[in-house]
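Trainee: If you want the building blocks of each chain, they are given just below.
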Amino acid sequence: MKKIIIKDFTLLNKNEQKIVFEARNSKKVRAFCLDERVISFDEHLAFLKSLKHTNDKKYYLILLDDECLCVINFIKMGEKYNNGIYKISKKHIFIMDIIVLCTQMILNHILNQNSCIFEILRKNKALLNYHLMQKTPIYTQDDTCVTFLGSFNDDYVNTQIKSTKSLIGDFTLNIKTPNKTIEIL
Amino acid sequence: MTIKSFLNELEEILLSDDELTLDSDLTAIEEWDSLAVMSVMSLFQEKLSIVLTTADFKNIKTPNDIILLSKGKIA
Chain A
0 MKKIIIKDFT
10 LLNKNEQKIV
20 FEARNSKKVR
30 AFCLDERVIS
40 FDEHLAFLKS
50 LKHTNDKKYY
60 LILLDDECLC
70 VINFIKMGEK
80 YNNGIYKISK
90 KHIFIMDIIV
100 LCTQMILNHI
110 LNQNSCIFEI
120 LRKNKALLNY
130 HLMQKTPIYT
140 QDDTCVTFLG
150 SFNDDYVNTQ
160 IKSTKSLIGD
170 FTLNIKTPNK
180 TIEIL
Chain E
0 MTIKSFLNEL
10 EEILLSDDEL
20 TLDSDLTAIE
30 EWDSLAVMSV
40 MSLFQEKLSI
50 VLTTADFKNI
60 KTPNDIILLS
70 KGKIA
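Read top to bottom, the protein sequences are chains A and E.
Counting from 1, position 137 in the first sequence corresponds to residue 136 in numbering that gives the first Met the number 0; the numbering is continuous, with no gaps.
Counting from 1, position 6 in the second sequence corresponds to residue 5 in numbering that gives the first Met the number 0; the numbering is continuous, with no gaps.
In case anyone wonders, no lab produced these hints; they're calculated from the structure.
Just so you know, not all the hints are guaranteed correct.
Below are the DSSO-like pairs computed for lysine-lysine, each with C-alpha atoms no more than 27 Å apart in a straight line [claimed, not checked]:
| hint | chain 1 | residue 1 | chain 2 | residue 2 |
| --- | --- | --- | --- | --- |
| 1 | E | K72 | A | K124 |
| 2 | A | K122 | E | K46 |
| 3 | E | K57 | A | K124 |
| 4 | E | K60 | A | K27 |
| 5 | E | K57 | A | K27 |
| 6 | E | K57 | A | K90 |
Note that the coordinates shown come from a computational prediction; the quantities given were computed from them, not determined experimentally.
Put together the whole structure using the sequences plus the hints.
Mentor: The structure is reproduced here in structure tokens:
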């Protein structure tokens, strides 16, 4: 059985910190970041440390068995959270399905929300098309970005679980937070 | 949609400088990833009115495998 783990950034081990650092600085990820700078490893470590003292920024590493798949983050904007993602593994075509499932799980079980905002740069055509295809309602838009408001209910979550099972087979899903590990599936 | 125009669209999605053929090995191309799959799904929906899911791509290895998903609409 496969094992999906959603791990709070404050709990990353040294190897995971390095993997995330390299992914964050890769050309492909930076191209779709609001902050396109290359950051130093010291800056990266300082950022990870800063996450221990805020509730407005939540970053999670998603692992499939022991492989780092992607990063999902949430930044509080008023009452809602703004969701961002970047992938680490290049091997799997189903990462997006796992991202959607994990996003729902974090919102439900950690942030106690049933919706969030996806801010997508217009140049990120694939992700933009994905949300347009999913008919995610547009929240705001300008020349650079389109923001969508994604909502999730139990039916949607169950469909996503079924879809992920069809891709990777049976799996367990745990969320590791600084205070506790939540066994979801 | 013609096979040629589909291959051109796929080359654009994969940012490929090399010409793709029906038998090109997609799994050997770094850009063949979840975002590329989403772009192909979007292309199918927009141009062919065919709705695909990621599961349809589980065993895709070549452009020809993708064309088979079009059920004759790419020919």
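Trainee: Now look at each hint and say whether the structure bears it out.
Mentor: Okay, the hints, checked on the actual structure:
no., hint, in the structure
1, E/K72 <-> A/K124, "24 Å, holds"
2, A/K122 <-> E/K46, "21 Å, holds"
3, E/K57 <-> A/K124, "22 Å, holds"
4, E/K60 <-> A/K27, "23 Å, holds"
5, E/K57 <-> A/K27, "24 Å, holds"
6, E/K57 <-> A/K90, "12 Å, holds"
The structure agrees with every numbered hint stated previously.
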